[in-house]
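If you're matching them up, the sequences are chains L and A in order. First residue of the first sequence? That's 1070 in my numbering, and the numbers climb one at a time after it. First residue of the second sequence? That's -15 in my numbering, and the numbers climb one at a time after it.
The hints are simulated quantities; they were obtained by calculation from the structure and are not laboratory data. Just so you know, even glycine gets a beta-carbon here, dropped at the ideal spot from N, CA and C. Heads up, some of the hints might be wrong.
As the list claims (entries may be wrong) - With a cut-off of at most 27 Å between alpha-carbon atoms, the simulated DSSO-like pairs for lysine-lysine come out as follows:
(1) A/Lys20 / A/Lys330
(2) L/Lys1243 / A/Lys186
(3) L/Lys1121 / A/Lys20
(4) A/Lys342 / A/Lys330
(5) L/Lys1121 / L/Lys1243
(6) L/Lys1242 / A/Lys186
(7) L/Lys1158 / L/Lys1242
(8) A/Lys414 / A/Lys342
(9) L/Lys1243 / A/Lys189
(10) A/Lys20 / A/Lys414
(11) L/Lys1121 / L/Lys1237
(12) A/Lys276 / A/Lys342
(13) A/Lys493 / A/Lys414
(14) A/Lys276 / A/Lys20
(15) A/Lys189 / L/Lys1242
To be verified - Computed list of chain L residues with no C-beta within reach of chain A, every gap over 12 Å:
(16) Arg1092
(17) Glu1104
(18) Thr1165
(19) Ala1180
(20) Gly1203
(21) Thr1233
(22) Ala1256
(23) Val1264
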Amino acid sequence: MMNTSSTIPVEGAIEAPWTLPYRGTVGMACLIVAEAAIFIIFVVAYIFYIGKSLSGPTPAQVLELPIFGTICLLSSSITVHFASSALRKNNLRGCTAFLAGTVLLGAIFLATTAREWHHLIYDEGLTIQTNLFGTTYYSLVGLHATHVIVGLILLSTTLAFSLTGHLKEEHEKKLEVLSLYWHFVDAVWVVVFLVVYVLGR
Amino acid sequence: MATPVLEAIDQTQAPPQGPPRPNVIYTWLTTVDHKKIGLMYIAYALVFLLVGGVEAILMRIQLAVPNNHFISPQVFNQLFTMHGTTMVFFVGMPILFGFGNYLVPLMIGARDMAFPRLNAFSFWVSAFAGLLLYFSYFGASGLYAAGSAPDVGWFAYAPLTAKVFSPGHSTDYWTLAVFLSGVGSIGTALNIVTTILCMRCKGMKMSRMPLLPWLYLVMASLVFVAVSPLTAAQIMLTLDRYIGSHFFDTQAGGSAVLWMHFFWIFGHPEVYVLVLPAFAFVNEIVPVFSRKAMFGYPAMVAASVSIGFISLSVWAHHMFTVGLGAAGNTFFVFATMVISVPTGIKIFNWLATIWGGKVIFATPMMFCVGFLFQFLIAGLTGIMLSAAPFDWQLGNSYFVVAHFHYVLVGSILFAIFGAFYYWYPKVTGKMMSETLGKWHFWLFLIGFHLTFDFMHVPGLLGMPRRIYTYEAGRGWGGWNLIVGIGAIFQVAGLLFFVYNLVRSYYRGKEAGHDPWDAWTLEWAVPSPPPVYNFAIEPTVNSRRPLWDLKHPEDPDSDYE
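Here chain A stands alone, though its shape is the one from the complex (with noise of 0.2 Å):
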């Protein structure tokens, strides 16, 4: 108790008496835990994800029979350029970074990302690129006052983007949003890797280092030197269509090459950008639940980083209808043909990991394995269509479409699925239903492989992409509706994944620490981590300290 005399003097203000906030949001709104961004970066993810995954159902439907007419031909260009960049930039993007947030800093024992405010800034600025790209369908025709959604395309081909052609501001909040989200990638890109260079925990060098945050390095630096270029081009565009500058201005002498360049100089790196992680995934997942070591850990690392060199110099052969020439045809087939070396190593990798194993198969690991066949065909349609000749017969046809989607949904999101159903007990200490799981496991790859199998045949019929119908006589409509029926069977397997991951949360088994016996550090603090993630700074010997910790007769360390 004070003196009266002390109480005169001690000029103190007692803390201002508001009323009580709201705590929930606020905690959320002001965080700069990195776990609680992951979360949110997830969370809008998957909030986008229903949108696209809505934009390509209308699609799929008015595609279904011919000569339909469902959608009119502006809304379904409307729809495809909606679909591919959200997917891309609000579904893809988040959702990565949102894993690798949560993830990196626990999996090299740190207690958050390097730059925590720059961490949550990242996050809002792409989370409001989502909503301006959005805010279109209100807001972009000016002074028409109904909105319009941007109708370019995600590649936006210069001179359709030029304000005489595309009046109206849709285009220009396509421009925004893009640019804005390539912003918040760079921000999270560098807190990544300044997080992995500058925060491992004691003894974690760069060769103990799991290999999920060995990704996830390679995966930001290429976003340095991908995303870099695409916001260059945002810049230049805005300035077309601003302040009339012409760049892209074919009139005026500019080129609509150039901006296929620097678009495609962005847009093939970006493929690699989200594939890294979904390795990264099946990196973790793979040995444990083969219960043997990774196979071949430098190989993997290696094979990685010349992945990310070797996908800066093959953007081209997007390009391969343009006419680059003999020269440069020969350059970017050769150079595209090369990549399948390091992703062939990975495969041969992972299934050496599996062989021999005592292999379980819980959801993660299934939809791991589905990734690994799924992955193994996109790359061989890959390397067909990377031969120019073949391409100039198929580009831009269904058949591309549906090459890329074995590549997007094949494999990065069968990766991703494989990541909730693994990670999901270390974040809500709760196991998704193995029941649930498999429903949703088998469904979707059902409905996968009915629309995406299917979807090469009328490529391969000479059916064009994005155009919104088609003539009867052409041999395309059974094929688009098996496609669409596909669609179907994916939507009921995202239902079963949607129900689970709200079902477990409440319904769900305790999880513990260490629910699939694992052996890196996410996996020695509890379930879900505390905000601190570790109370005494974790010391590593080797690439599984848990494998040490469980196993102090024969530990790794004296292997490696």
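Just chain L, same shape as in the assembly (with noise of 0.2 Å):
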């Protein structure tokens, strides 16, 4: 061995391995890009017309900070993340454990959204229709619950999976894609958190 690793190496036996990245993480970084792109729009839509409404209420009187539904929802990036490290060590119930608290996590999230929505609606009389602010801010919010209840229908089935036994240490990089996608939607949140809730106010 130690002659041959001093000898100068065959010409076409330094060719690397031939690998190539998983297509799975590549399309999901694509279907992200262009996601982003489509957040970006709204979140322009938003930013430009802060304080343009015609009519109130304004953002300052009516919007609170959501800090226990952020603390959820960026939480569940972390079982999320658990849950696909557990797999890759085989641990299946730890795997099933994480991922059922990232769909309790993001559930949570989620109501805290509703019950907001709900406050704006009934208590304030806000809605889509009543200004600028109404219209930017259903919208804008909307837009990324809707990816997080698709987040979640995802999570959900993977969750079935696993607990029916369906899910294998073989299926690791495929949740890891689904986690890239939860990740995406925690980070849109935090830029929504920042221009709604911080810059709007």
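Fit chain to chain and form the complex, with the hints in mind.
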């Protein structure tokens, strides 16, 4: 072995092994770029219309920081990460538990959004038709909530597979692709939070 | 033979013996093969090319003489709306996606796209979108019984699209059609990027990839950031029209200019989405018919990628007449002029490839030479229009129409025709007729120049776009007549093309694997290629794997 490693390698043998990226990851990355562009347009519309409403209510009057929901959603990013690393180590029980946690935290976030909307519509009288703030607020937060719902459907399906014992170690890469999507949904929420609840107020 | 005992145990059901299914239709409807989907994209685009072409002809008849009453103003508005929307979303995009679908896996040595079922889904969504747009002719006005097509222009500026100004459902059909076409485009673009990054055959590093997949990679990446904003804007418009939000409602403080920004953030990169595949075809055809390797491959790749980036920062040159202020004008004038640098690099590289080559003037090459010439002129009028003061004078005139048709017809359509003649032997196994091809080329070339060279003149004389007629004393009449006559030549050329497509399929000369003595992988497989493309996964050592095979004594891999 010593001898062969010291000789000059034969031409052609130096070629590195042929590996290409996993297509699920690349496909999801493409989807995220496209979705990010959609969100950017909605965020730009929101920022452009800050303070341009012709009538009330204004964000400062009616919006409160959704701290609890935000904590839940951001923690769900951590739990989904633990779920996929548990699956990588073939810890199926742990994976199921973390998946269930993720679904629960996501559902709590959705519930806080629903409560906020209920409050805004019935107590404050703000709908999508009221003024430019209502238009941009409901569409931006609603677009994000739609993505949370899609993510929750996918995660619940995975959880169902996991509970029935169909989720195996070999699906680890696929779960990672799903968690990539969920991280994206969380990252978008950070932007929405900053724009709507910090900058916009 | 199974024993009686085993038969008693074996509960396997015999497969149901239904009526024999209509095989051809069933195969095409359910296919996930990238070649079949690519061909369906192309066929579907050709049908819409016919429809959009008829719309253009009707408009030209109306404008051929002053004070004409061939069609009413309302119909004229519908015609230019439908013509623009059809040509961009249901001809340009699908035909280029079709070629991409067909060629990209073959050229990178893959057996199919990365996501075959997504591929089929994207195609059918796009196809449905086109039907939806034209269904507006029957179903759009809802309660009023008679249909009506969208008439808000292909850019659909606010506030004309608001429910009060555009009642009925014709604008909704437009919105939905464009939205769905966007979904399909994003799906296919995702597929193309993933295929190119993850499915290349052994040895095909990015630096060895043919230029066609490279340009499709840039084009598809551009689709994500260009088409998505339009999709977002369509969601907003639908919300405005259906549940009373105020994005573009000027009565409630909404901004019509915001729509213009959103539309052109899509609209200008879209030009590059359409033109990059045209560059891709020329990149493949010019070297083969010059019998030389592509000149300046790395510069070509770099120029394409930088076109992709710069194209994202030029959109507001469509809005100089809105009044952007000095800073905005300066930025967008500068950015627009800068994009001529990478495109100039490309033109010089093509010329350098032809230079000193043993040029064969077969039909594909002739269309590419036409492309080079016309793309140069289109670029020059583009630089003229990129100067804001010049644009204030000529914005929204026929000069602009002539400029962008020079890009869309003179450059993109010419490259597409070249691609048809070049790859038709691969797809069908038959050569297209050279004689008919030459007729097609010359008639179309003459028609093109009659129409679009002379269209610049009424623009310079002040004729605005989108008017349904004009007075006699303006001095526009004669020019418009020449423009209309050019259209006749183009139609004649197209008839030769269609006849050639059909006739060659039945009577064309056998093509064999590699009729052009070309160098990329698609020519290594039989014509038409088998379902699985490559029986053995190929391995490549250079940018021209077939050159290496044909010239083992002097392979390209020694020089790269």
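Now for the hints, and whether the structure bears them out:
no.: 1; hint: A/Lys20 / A/Lys330; result: violated (32 Å)
no.: 2; hint: L/Lys1243 / A/Lys186; result: holds (24 Å)
no.: 3; hint: L/Lys1121 / A/Lys20; result: violated (52 Å)
no.: 4; hint: A/Lys342 / A/Lys330; result: holds (20 Å)
no.: 5; hint: L/Lys1121 / L/Lys1243; result: violated (45 Å)
no.: 6; hint: L/Lys1242 / A/Lys186; result: holds (23 Å)
no.: 7; hint: L/Lys1158 / L/Lys1242; result: holds (12 Å)
no.: 8; hint: A/Lys414 / A/Lys342; result: holds (25 Å)
no.: 9; hint: L/Lys1243 / A/Lys189; result: holds (26 Å)
no.: 10; hint: A/Lys20 / A/Lys414; result: holds (17 Å)
no.: 11; hint: L/Lys1121 / L/Lys1237; result: violated (53 Å)
no.: 12; hint: A/Lys276 / A/Lys342; result: holds (8 Å)
no.: 13; hint: A/Lys493 / A/Lys414; result: holds (5 Å)
no.: 14; hint: A/Lys276 / A/Lys20; result: violated (32 Å)
no.: 15; hint: A/Lys189 / L/Lys1242; result: holds (24 Å)
no.: 16; hint: Arg1092; result: violated (4 Å)
no.: 17; hint: Glu1104; result: violated (7 Å)
no.: 18; hint: Thr1165; result: holds (28 Å)
no.: 19; hint: Ala1180; result: holds (23 Å)
no.: 20; hint: Gly1203; result: violated (8 Å)
no.: 21; hint: Thr1233; result: holds (24 Å)
no.: 22; hint: Ala1256; result: holds (17 Å)
no.: 23; hint: Val1264; result: holds (15 Å)
Checked against the numbered hints given earlier, the structure breaks hints 1, 3, 5, 11, 14, 16, 17, 20 and satisfies all the rest.
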